[in-house]
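*Asks:* So you can see what is in the structure, the chains are spelled out below.
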Amino acid sequence: MEMIAESNALAVGLGELQVSRDPQDQLVAYGLGSCVAVAMHDPVARVAGLLHAVLPERPREAAPLCPKYVDTGIPALLARLEELGAVRSRLRVRMVGGANMLASANAGLALNIGERNIAMARSTLAGLRLRLAAEDVGGNKGRTVRLYVADGRMTVRVLGSQTREL
Amino acid sequence: MEPTLPATFDDRLYSLLRVLATEGIRSAAAGLSGMLGKAVVVSEPRVRLVPLTDIPTLLGGPEVEAVGIYLQIRGGWVGQIMLIMPHEKALELVDLLMELPPGTTDQLGQLERSALAEVGNLTGSFFLNAVAQRLGLDIRPSPPAVMVDMVGAILDIVAAVSGGVAEHVLMLEGAFLRQNREVAVDFWVIPDPAALAAFTA
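Top to bottom, those sequences are chains F and C. Everything in the first sequence is counted per the working numbering, starting at 1 for the first residue and increasing by one. Everything in the second sequence is counted per the working numbering, starting at 1001 for the first residue and increasing by one.
Worth flagging that the hints you see were computed from the coordinates, not collected in a lab. One should not assume that every hint holds.
Here are some of the chain C residues that sit facing chain F, going by a computed Cβ distance under 7 angstroms [claimed, not checked]:
id, residue
1, 1062
2, 1099
3, 1103
4, 1109
5, 1149
6, 1151
7, 1160
8, 1182
9, 1183
Restraint ranges, calculated between C-beta atoms of paired labels, are given here [stated by the list, open to error]:
id, chain 1, residue 1, chain 2, residue 2, range
10, C, 1039, F, 61, 45 to 51 angstroms
11, C, 1098, F, 83, 44 to 50 angstroms
12, C, 1058, F, 64, 31 to 37 angstroms
13, F, 83, C, 1011, 54 to 60 angstroms
14, C, 1103, F, 164, 30 to 36 angstroms
15, F, 61, C, 1179, 28 to 34 angstroms
16, F, 123, C, 1064, 32 to 38 angstroms
17, F, 23, C, 1180, 52 to 58 angstroms
Where is the CB? At the ideal position from N, CA and C, for every residue including glycine.
Bound-form chain C, shown alone (with noise of 0.2 angstroms):
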């Protein structure tokens, strides 16, 4: 069921970010590579253009306990980005990033909630860097927030701050790879509508 698109997002739009998701994903994956000075690749991410209402439908229901990763943009393109995954998926992103046979983390603690959060900044800021590229702006995230409840609380924050205004979000579904483990997460990004007329003007 194709969402009908918002006036914001035209083709042309539409196309130029799946253009900017896909080179900031690219480099999100070169980014992470060189944190852990191993090869992390990011599969070909599948963009796509939600209502927010679905979100909690497309993880498996608003009650599923999951882990958000949430960054605010700042500086001269505002909107929010959340990495979001179930938190099973989460535990597995802590293995392969933390060079750990599948199945070791069985809770996120302190250091595994660190790690989450630099997954997040790391994305967050390589994202935001092809998008303040093509603008010539200054764009910078947020530190990153890690929350760990069930998908409906966790995307309250998205919500709020959006105002209810962007009622579409935008979805890269990508895969983190590493040797032959693969672990799927889902990205959001949620521009507020004044950023979107920055790409168009």
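This is chain F alone, in the form it adopts within the complex (with noise of 0.2 angstroms):
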């Protein structure tokens, strides 16, 4: 059973978009740390697209819909659900990561990373009057947020600890 669904995750690397409405495929964004990982899944179109941003705001140089940056990120997984027939009201999203992976290792280095992403999604999300369902962000310890294009579920891992479902 695990196996089967395993052969479906499509793995969403870093500074990366992926949507989907095969309802075989699991969307899987493997160990964030100060990324943010957004979901978005509309439950009648029976799409889902995830987000792997790392840094909060889009450079100049960079293309404008770049999905390495949270704040063109989010507008263009929008938009590439949209095509697939999701209808913006219906969109159940979700936002793990943005964690403080040197909060508890050197103090001196801590650029806030993590947080900063966190403050960009919800700027983003809000302009694009889109509500947040559900959150697991900040801490300092990775996640790998994992999610079923089927019925929208979502599981997030911490090492060390049992996977739960957000």
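Using the supplied hints, reconstruct the complex from the two chains, each of which is provided in its own coordinate frame.
*Replies:* The structure is reproduced here in structure tokens:
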């Protein structure tokens, strides 16, 4: 059972986004540290998308809908989902990640990238009139997030603890 | 699969970095020997340029538990240094450094993390000294930070600080040798593209 499910895991790498309407698919962002993952699922159109953004803000030289950045990645994800038939008002939006990996290690190097990513995601979503349904953000632990296209179920895994639903 | 070299890495720069890396790692071993009062040798490092996004795969996947020792380069040359190894290799390295029988260390507490931080500190400092001498610049490493987590999560800091600009990183693969024990470590140097220009100036 687990093996079959795993065969449809699509990795969403650093600075990438993925959308799918195949109910067999799972969209997975592995080992999120300071990065944030934004997940969107439309239960009626049965489409889902996952963004794995690295930094809060797009520099001028980057592409306008670059998924590497939170402020451009979120509208890019929304646009791709709408192309697949998603309707904005039906979207269930969740956010995971934005840890401060250096919090316990060395305060002198702290750059608050995770915190800035979270703040940017909140303001970008608000600007698009998208409401956050759930979140698991901050802290200082890496996370793996898995979004199931079929029913929008989402799990978060942290090393040394049990995988939980979000 | 050899990655295409970015424009900033021409052959001359690459071979120069290779020489520097070898010098730097050798002197790091000398420094480590001095700290321990015992001979520690670092095997001839292999130098490769790899895309940043390939690192998790090289370490067994982004979810694998690993230990990262991270330093930022400050002063006249900007960049980052990351020593990264699978969790069990870090335990082996602690055993080797603290002269414990292999398999003794089974967790990374405060003491063990300090020992690993010191490895990062020495390796980073000696490597940067070699670069500083070559360039005639004042370069210092930040204090080291030790992270124990998933490979992907550890590497986020590197990607974020480089702003996604440094798509390729310089990878030095070496091994710490002490008597007949050996622990392989990967050592990554992520120079800011502007810092690379200093070599060719």
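*Asks:* Now tell me, hint by hint, if it's right for this structure.
*Replies:* Against the structure, the hints:
With its C-beta approaching chain F no nearer than about 4 angstroms, residue 1062 of chain C sits inside the 7 angstroms limit, and its interface hint holds. Contact between residue 1099 of chain C and chain F, as hinted, is not supported at the beta carbon level, the nearest pair being about 26 angstroms apart and thus beyond 7 angstroms. Interface hint status for residue 1103 of chain C: violated, as the beta-carbon distance to the closest one in chain F is roughly 21 angstroms, over 7 angstroms. Look at residue 1109 of chain C: its Cβ only gets to about 13 angstroms from chain F, farther than 7 angstroms, so that hint breaks.
A least Cβ separation of about 4 angstroms between residue 1149 of chain C and chain F falls short of the 7 angstroms threshold, and the interface hint therefore holds. Hint on residue 1151 of chain C holds. Least Cβ distance to chain F is approximately 6 angstroms, under the 7 angstroms limit. Checking residue 1160 of chain C against chain F by beta carbon gives a least distance of about 5 angstroms; that is within 7 angstroms, so the hint holds. Annotation: interface hint on residue 1182 of chain C violated; nearest CB of chain F at approximately 27 angstroms, more than 7 angstroms.
With its C-beta approaching chain F no nearer than about 21 angstroms, residue 1183 of chain C sits outside the 7 angstroms limit, and its interface hint is violated. For residue 1039 of chain C paired with residue 61 of chain F, a C-beta distance near 49 angstroms keeps the hint of 45 to 51 angstroms intact. The beta-carbon spacing between residue 1098 of chain C and residue 83 of chain F, approximately 57 angstroms, falls outside the hinted interval of 44 to 50 angstroms. Between residue 1058 of chain C and residue 64 of chain F the Cβ separation comes to about 32 angstroms, which falls inside the hinted range of 31 to 37 angstroms.
For the hinted restraint 54 to 60 angstroms between residue 83 of chain F and residue 1011 of chain C, the CB-CB distance of approximately 44 angstroms leaves it violated. At about 33 angstroms, the beta-carbon gap between residue 1103 of chain C and residue 164 of chain F stays in the expected band of 30 to 36 angstroms. Checking the proposed 28 to 34 angstroms range against residue 61 of chain F and residue 1179 of chain C shows it is violated: the Cβ atoms sit about 52 angstroms from each other. Remark: the range hint 32 to 38 angstroms for residue 123 of chain F to residue 1064 of chain C is upheld by a beta-carbon distance near 34 angstroms.
For the pair residue 23 of chain F and residue 1180 of chain C, the supplied restraint of 52 to 58 angstroms holds, since their beta-carbon distance comes to about 55 angstroms.
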